[in-house]
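Visitor: From first to last, the protein sequence lines are chains A and B. To convert a position in the first sequence, counted from 1, into my numbering, add 10. To convert a position in the second sequence, counted from 1, into my numbering, add 369.
Calculated from the structure, these hints are not laboratory results. Warning: the hint list may mix true and false statements.
Unchecked claim - Label-pair restraints from in silico Cβ distances:
#, chain 1, residue 1, chain 2, residue 2, range
1, A, T52, B, V427, 16 to 24 Å
2, B, N410, A, V108, 20 to 28 Å
3, A, V108, B, Q413, 53 to 61 Å
4, A, Q30, B, F422, 18 to 26 Å
5, A, E54, B, G737, 54 to 62 Å
6, A, R76, B, F422, 41 to 49 Å
All residues carry an ideal CB built from backbone N, CA and C; glycine is no exception.
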Amino acid sequence: MAKNDLQGAIDLLILKSLSQLGSMHGYGIAMHIERVSDELLTVEEGSLYPALHRIDQNGWVRAEWRVTESGRKAKYYALTAAGKKQLAEREKNWEQVVKGVQAILRFA
Amino acid sequence: MGVLRRIWALGKRSSLGSENERELREHMEMRIDANLAKGMNPEQAAREARLRFGNPVVMKERVEAEDAALGLDSFIRDVRYALRGFAKSPGFTAVAIVTLALGIGANTAVFELLDAVRLRSLPVHAPQELAEVRIAGGNHGFGITDGPYSQFTIPMWQEVRSNHEPFSAVFAWRATDVLAGKLTDAHRIHGLEVSGNFFNVLGVAPMQGRLIEPQDEAGCGVSKVVVSYPYWKSQMGGQSLTPASTMMMDGRSVQVLGVTPPSFLGLVVGDRFDVAFPTCDPPNPRREVFSFAVMGRLKPEWSVDRASAYFGSISSGIFEETAPTGYNAEAVKTYKSFRLGAYAAGSGVSMLREAYDSSLQLLLAITGLVLLIACANLANLMLARASTRQREMAIRIALGASRGRLLRQLLIESGLLAFGGAACGVALAQPLSRLLVTSLNTTQSSIQLTITTDWRVLVFAALVAMLTAILFGTVPALRGTKADPITSLKAGARGVVGGRERFSVQRLMVVTQIAVSMVLLVGALLFVRSYRNLVTLDPGMRESGITIAYIGFPFAKIKPENEAEYKRQMIEDVRSVPGVENAASTTNTPLGGSSWEHAVRVGAIEGSSKFTYASPAYFATMGIPLLTGRVFTDADTNESPFVLIVNQAFIRKYLGNSPPIGQAVHVMPEPDYPERSYQIIGTIADTKYGSLREDTPPMAFAPAAQLPATAQGPWVAMMIASSEGPEAIAGVRHALEAKNPNMIVRFSNFQQGIQDNLVRDRMLAMLSGFFGFLAAMLVVVGLYGVLSFFITQRRNEIGIRIALGARRGQVIGLVMRDTAAMLLVGVALGTLLALFAGRTASAMLFGLKAYDAATMIFAFVLLAVIAVIASWLPSLKASRLDPVAALRSE
Chain A
11 MAKNDLQGAI
21 DLLILKSLSQ
31 LGSMHGYGIA
41 MHIERVSDEL
51 LTVEEGSLYP
61 ALHRIDQNGW
71 VRAEWRVTES
81 GRKAKYYALT
91 AAGKKQLAER
101 EKNWEQVVKG
111 VQAILRFA
Chain B
370 MGVLRRIWAL
380 GKRSSLGSEN
390 ERELREHMEM
400 RIDANLAKGM
410 NPEQAAREAR
420 LRFGNPVVMK
430 ERVEAEDAAL
440 GLDSFIRDVR
450 YALRGFAKSP
460 GFTAVAIVTL
470 ALGIGANTAV
480 FELLDAVRLR
490 SLPVHAPQEL
500 AEVRIAGGNH
510 GFGITDGPYS
520 QFTIPMWQEV
530 RSNHEPFSAV
540 FAWRATDVLA
550 GKLTDAHRIH
560 GLEVSGNFFN
570 VLGVAPMQGR
580 LIEPQDEAGC
590 GVSKVVVSYP
600 YWKSQMGGQS
610 LTPASTMMMD
620 GRSVQVLGVT
630 PPSFLGLVVG
640 DRFDVAFPTC
650 DPPNPRREVF
660 SFAVMGRLKP
670 EWSVDRASAY
680 FGSISSGIFE
690 ETAPTGYNAE
700 AVKTYKSFRL
710 GAYAAGSGVS
720 MLREAYDSSL
730 QLLLAITGLV
740 LLIACANLAN
750 LMLARASTRQ
760 REMAIRIALG
770 ASRGRLLRQL
780 LIESGLLAFG
790 GAACGVALAQ
800 PLSRLLVTSL
810 NTTQSSIQLT
820 ITTDWRVLVF
830 AALVAMLTAI
840 LFGTVPALRG
850 TKADPITSLK
860 AGARGVVGGR
870 ERFSVQRLMV
880 VTQIAVSMVL
890 LVGALLFVRS
900 YRNLVTLDPG
910 MRESGITIAY
920 IGFPFAKIKP
930 ENEAEYKRQM
940 IEDVRSVPGV
950 ENAASTTNTP
960 LGGSSWEHAV
970 RVGAIEGSSK
980 FTYASPAYFA
990 TMGIPLLTGR
1000 VFTDADTNES
1010 PFVLIVNQAF
1020 IRKYLGNSPP
1030 IGQAVHVMPE
1040 PDYPERSYQI
1050 IGTIADTKYG
1060 SLREDTPPMA
1070 FAPAAQLPAT
1080 AQGPWVAMMI
1090 ASSEGPEAIA
1100 GVRHALEAKN
1110 PNMIVRFSNF
1120 QQGIQDNLVR
1130 DRMLAMLSGF
1140 FGFLAAMLVV
1150 VGLYGVLSFF
1160 ITQRRNEIGI
1170 RIALGARRGQ
1180 VIGLVMRDTA
1190 AMLLVGVALG
1200 TLLALFAGRT
1210 ASAMLFGLKA
1220 YDAATMIFAF
1230 VLLAVIAVIA
1240 SWLPSLKASR
1250 LDPVAALRSE
């Protein structure tokens, strides 16, 4: 199990969302996570954007400026091949983290 | 957005920053849109969005922190900050950069020379495939060796030409001077005799016309030549060649076929050729004359080592086949034991390598040490600067800057200085290097080196710059960032007595400087004294007012049996020229590096002796005193008994204590020199033979008229004694031309020639002297700087001492004691280093040992004087300190 997996949850959420949405801007990603999790999870802008830029620096996403449906200009992010690979890895790791955490919670 | 684009956007921090800003702003807008859609009024919508978003500036910074390119951006900011700092203290910056430029420049200059002499490849096709074939260990003086690169006799070359398994092709060449122009007004140019495939195998393409090709080898007697680009430019006006283009070479007209490209100057590094011409297979080649160098192009599957083994294995066959006749059995056995080997030749061949390799390496070490001293000085300067910037550092630490960040800032500053210094240094290196080469040129020969700043030089300069930056930057940076913000920010943090610990680093620097400059001073003194020893050495003969005339009369058609008499008459003609004191012929001119010896047997002792055939007036002309017996007369000819005059070394080796006069000396046979028995008729004092450095070998002189008729030739070297100079020499030329208009005459000044042979020693003496002086100056500056700094730091202490009644002398003593301590430690260390370093220089010294006590003591005294001079002013200033002012500033 890698060290930063709990903190890496936000990265995982972003990567997964992008894999579901194809290509999306930061606001859309935040909305998507909120909606799909039935508002159980809200992503703060304060962690969303640094995470997005970190992911960008790692080459897991590609960014470009496009016009939204509502006519605004926004920076759209889309997964790269490396990003897809990363996502698969993160998902596997996450399952183990969840198992580990559950095991500790159930320990009487 | 790709990383590349970010780096490209570097420096345009605003554009990258504003892109992030826009992204975040759009996000906010979308939130507001959503809020409006939920039914909030615009004011509420904006407020809610802002609340959720938090502080936009913090947000922006957090995003930027993730961008690596912006990390680079802060690097640029550090550079800008450093440059601003330099602009504020131009004095410091100028001193630092000039010091580094000189230091790095000197190092790079020497390295450029080393690079040109030994590292660079020949400008030919695939130079790494070239290999030279040589006799391993040389021919031990067997037979006659034409020049420094002459390894092969013609029969040997013919053997290798038909047996060269490892090579796809093999070629031979030799450097030989030829005469250009009309014979009466001829001048010597550098000839290159080459086998027909020379240019083809090397892959040198003609710049004009065609080059020599295999079919040109047919028939002896040169009729076609190729000229080098510089010769074509300077002597032929650079005009395009036509089939009618000719030049005069060795008295005949030859056709100029083509011009070689500008980059190709032959295979000898540091030399060039003017004209290349094809060799031929002479009908009866001399078997004992080594004249050619042989090289080949290795086949892909052959390594140099394997080729070497191959030639080793076929050697006995080759030497068996080519053994010369006319030698005694012993000599022939030596010849047959020679072994050939192959050696990589991709960077050409060069005498300069043997002659200057160790000197250049030594120079590189010297310049390296000077740079080390300069670094120590700079480090001290930086330390002083760091201490004045303590407050700045303290504030930055207090504001939350990490130590790493400050360290980076300071290292960037020293890196920038080093970079600036290196850039100037590289620019400086070329002219310095050329100057160095010019200083090695003599009246007789000039060194042709293409000094270029290639990648090796740049890498070298970059490495040196990095090393210096680390050397002078690290300690001050570590120290500067160690400042404790609280104490530094408190006003009078200096305290009464300066912190002992801080000073110790600066002391260490000064001690290092003194130690290193001790090494340099000892080296300088050694080389200067060694040069002086050489210059003032008495070679045992007259040096001044002697002119050597090399005379050739191949066109006078004198029969061999009449040549001796013709030469005798010529000498008489020269002697009767007004202004000529005396003149004599000799077969070997002394102190010019050439040598001639015969195997001899005296009684039961066998060995060899230098042999010179000289005309009767030789000893009088050269001022060599006859100790016992008589000199030659005109009556000593081939018809009279053979007579010999020997020197003391000869007597010591062969005769011991028995009286020399009347003893028989048996000379072993050699081609053209039949076996003979001489009788000793006189003895002379020891004189130097080939060079000033060599010990006097056993020497024997025989009368010029007794030179075997077979060994006669239409040329003679004449030593002419005349204090009147040019007019007398002009008279000699006249007299010779009157005798025969086609006489080839070349004069050279004997004394000048001797001095020319000392150019390496002169260069070492001059440069080591210069660098020793520079080192001493740097120590003065360094010591002065550090002492001044100490005194500023100890103002309060000194003020209190003076207030309490310390006398001026006591204060001066305080400072001087400090100096003395550093001096003693430095000198002790330096002496050890000098002794250690001296071992490597021993071989280059003449007439003294590297561990010369007088030299060491003198260097110590010099350094002591330097130390006193450097500390006098600061200590005087300290003693004049006004205690009231000093204490009030607290």
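Visitor: Hint by hint, note whether the structure agrees.
Guide: Against the structure, the hints come out as follows:
Taking 16 to 24 Å as the suggested C-beta distance range, the pair T52 (chain A) and V427 (chain B) conforms, at roughly 19 Å. The hinted range of 20 to 28 Å is not satisfied by N410 (chain B) and V108 (chain A), whose Cβ atoms lie roughly 43 Å apart. Checked against the hint of 53 to 61 Å, the C-beta distance between V108 (chain A) and Q413 (chain B) comes to roughly 39 Å, which is inconsistent with it. Between Q30 (chain A) and F422 (chain B) the beta carbons are some 25 Å apart, a value that agrees with the proposed interval 18 to 26 Å.
The hint said 54 to 62 Å for the Cβ distance between E54 (chain A) and G737 (chain B), and at roughly 59 Å that hint holds. Separated by about 22 Å at the C-beta atoms, R76 (chain A) and F422 (chain B) break the suggested range of 41 to 49 Å.
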